[in-house]
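Peer 1: Given next are the chains, with one letter for each unit.
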Amino acid sequence: MSTVIELVEPTGNVSSPAPRAARMGGATAGAGILALAAVTTYVTVFVTGTYAYLYNVTLLAAMGAIALNLLMGTAGQMSLGNAAFLAVGAYVAVAAREAGLPVWLGICLAVVAAAAVGALAAMPALRLRGLYMALATLSVHFIVLYAADSYQRSKVGVSGFVSTPYFTERGLNGGQRAWSWTLFVILSLLVIAAARLMRGRTGRAWRMIRDNEEAAPILGIPVLRYKLLVFVLSSAVIGLQGALTVFFTGTVTVENFTIALAIQYLAMVIIGGLDSILGAVIGAAFVSVLPTLVPELLEHVTGEGMRQDGPAIAQIVYGLLLAYFVVAARDGIAGLLRRLRRRADVGRRWRTTEVV
Amino acid sequence: MGQLVVSIVGGLLLGGMYALIGLGLVQAFRSTGTFNFAHGQLMLIPAFMFAGWTSSGAMPVGIAIAAALLLSAVGAVAMFVVVLRPTIGLPHFVGFAATLGVSIALQGAMQLWFGSAPRRFELPLIPDGRMEVLGVGVSKEAVVLALGANAVALVVALVMRYSDGGIRIRAAGQDALLASQGGINVRRVYLYSWALAGTLAALAGLVYGSTNVFDTSSTSVALVAAPAIVLGGLDSLEGAAVGGVVIGLIQGFTASYIGGDAVTVVTYALLLLVLLVYPAGLFGKTSMRRV
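Protein chains in written order, with the numbering used here: chain A, 2 to 357; chain B, 571 to 861.
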């Protein structure tokens with residue numbers, strides 16, 4: 002018997018978007034990876050400069066978005082700790098680099114560290130729900146950042162850690178290309194793993210916890226274990242993203258890991274669509290591209306050089322979209338696509354029956 | 571002794587501010603069941619506007635203050651009607667995520683409109699200079715504003731508790747169905763609650779803006795109201811006021827005796843502790859289910 006403290010919630014817990022999301026089978030994951038491969042090929046061959054960089058940024062963001070989607074969309078655990086886990090991964094990787102450890106070892110350590118912090122962060126989750134849970138993750142955010150800030154201050158000071166990004170020896174474009182393919186491989190593995198988890202027993206258990214946590218134990222689901230699992234897995238992946246980012250950009254500084262960053266990932270997951278890998282990727286692409294896309298559009302429309310306002314305007318856009326989607330369309334863009342496809346199918350079926 | 575006095579004055583100043591924000595937040599919380607993440611923007615935007623209006627001397631200060639309060643009240647009501655009212659009845663996380671979205675959008679708008687330049691302003695009628703409290707020199711402004719903010723918070727709490735209007739607002743917040751059957755226009759009460767929340771936030775913003783240099787990143791100050799109201803109890807008005815003052819004092823003492831950098835982490839570590847040990851807070855009631 003356990004005591005659970007929560008606010009009196011209306012029916013249901015977190016969102017329950019279309020359960021059809023669960024049916025993303027191996028076939029769809031494979032199709033997704035092929036599409037990703039095609040896009041990566043196109044980008045590495047034809048695209049250079051800022052846009053190649055942006056593509057890699059998107060691939061990195063997609064990793065975190067998929068992880069957050071598992072946590073929030075599938076398992077229904079609200080978390081503002083995204084920036085904190087990114088910071089854990091990044092700073093452990095940096096510390097490893099400072100200690101002279103090889104890159105791969107640094108990344109592994111970062112992943113383990115992030116998973117450990119995730120396990121710790123899961124502790125409050127075992128007793129808290131909803132808003133209280135979110136506030137607990139907020140605390141975790143500030144506590145982790147304090148640690149990171151102290152570390153940074155003791156080593157380098159306010160400017161942060163600076164070094165050359167990995168793959169730079171291949172030149173500007175060669176470096177970006179190398180990163181694109183590396184990230185593609187990692188992301189594909191992630192997509193396969195996530196799809197299998199979401200499709201199988203683990204996913205069903207998570208959804209049960211999301212939709213009706215009290216009833217889950219009745220069905221034999223060990224809630225504690227599954228909650229712990231989703232936190233550890235998602236924070237490990239986010240930590241991996243943080244570590245990779247260190248080697249991708251070369252620089253790390255505490256100022257980048259803000260609550261606004263955590264909210265950015267929340268926006269990705271909600272705008273893209275909860276409980277959907279495709280949604281996570283779409284959301285990640287959308288939010289990552291927006292700060293660059295918006296000034297371009299504005300320039301075409303108004304002819305003014307509003308480039309430096311790009312991030313601020315992008316923030317307004319995805320902030321409003323976040324509010325809109327979470328209230329009106331929780332299955333996000335992916336859900337919209339799904340509904341459009343179903344309507345097309347229905348149309349086809351009607352047409353066939355009319356031929357008598 | 572000197573450090574003690576400075577801690578208390580600074581702490582009460584912060585505490586008064588948090589109490590004001592917290593009172594508004596709790597009232598808003600009762601009407602929608604969500605914590606309004608966008609309160610920081612509601613607090614700072616009037617401060618920025620006030621700074622703009624009074625720096626050029628274009629507007630008499632009294633009108634500027636009234637306009638700032640009105641701006642936030644209207645903004646809060648708009649936020650409620652457009653974004654949050656549709657979320658009543660949906661799981662609480664939806665409203666919370668919606669306020670996250672609004673706060674981020676407002677933050678972007680603030681960045682566009684106000685830029686990164688830091689501001690500060692002086693409120694009129696507040697004496698300048700230093701004074702002696704128990705033999706220690708402190709800024710007169712800080713003392714006056716600390717007392718003022720706490721006094722306002724106290725008055726609001728008392729009005730809520732004992733006045734007719736206050737009782738209606740609290741009733742509507744506790745049980746909307748019963749309240750409406752008792753003849754209270756719940757829909758209108760919710761609007762008033764949010765207008766009040768906005769006004770109090772603006773007031774806190776004015777207090778903050780005249781005692782601190784602020785810029786667009788200062789919105790995170792209002793976030794500290796979260797530990798304050800959790801400590802006090804999310805659905806308790808007295809708790810919000812008390813929690814605000816307590817957190818303010820804790821911050822004041824931490825800043826003095828440990829150092830300014832530790833303030834944030836101590837505050838949020840306290841929040842985590844409260845959440846783990848006694849989430850209902852000092853004065854709140856919360857549903858507890860034994861499963």
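Calculated directly from the structure, the hints in this document are not laboratory data.
There's no promise every hint is true.
As the list claims (entries may be wrong) - One-sided and incomplete, this derived list gives chain B residues near chain A with beta-carbon spacing under 8 Å:
| hint | residue |
| --- | --- |
| 1 | A628 |
| 2 | I633 |
| 3 | H662 |
| 4 | A675 |
| 5 | L682 |
| 6 | G707 |
| 7 | Y838 |
| 8 | V847 |
Stated by the list, open to error - Quick list of simulated restraints, FRET-style, between CB atoms:
| hint | chain 1 | residue 1 | chain 2 | residue 2 | range |
| --- | --- | --- | --- | --- | --- |
| 9 | A | G251 | B | I633 | 22 to 32 Å |
| 10 | A | D346 | B | A687 | 51 to 61 Å |
| 11 | B | I633 | A | F47 | 51 to 61 Å |
| 12 | A | G251 | B | V652 | 34 to 44 Å |
| 13 | A | E297 | B | K710 | 31 to 41 Å |
| 14 | A | E297 | B | V714 | 21 to 31 Å |
| 15 | B | I633 | A | T259 | 45 to 55 Å |
Model, not experiment: these values are computed from the prediction.
Built from N, CA and C at the ideal position, the CB exists for glycine as well.
Peer 1: Looking back at the numbered hints, which does the structure fail to meet, lowest number first?
Peer 2: Violated hints (numbers, rising): 1, 2, 6, 8, 9, 13, 14 and 15; every other hint is consistent with the structure.
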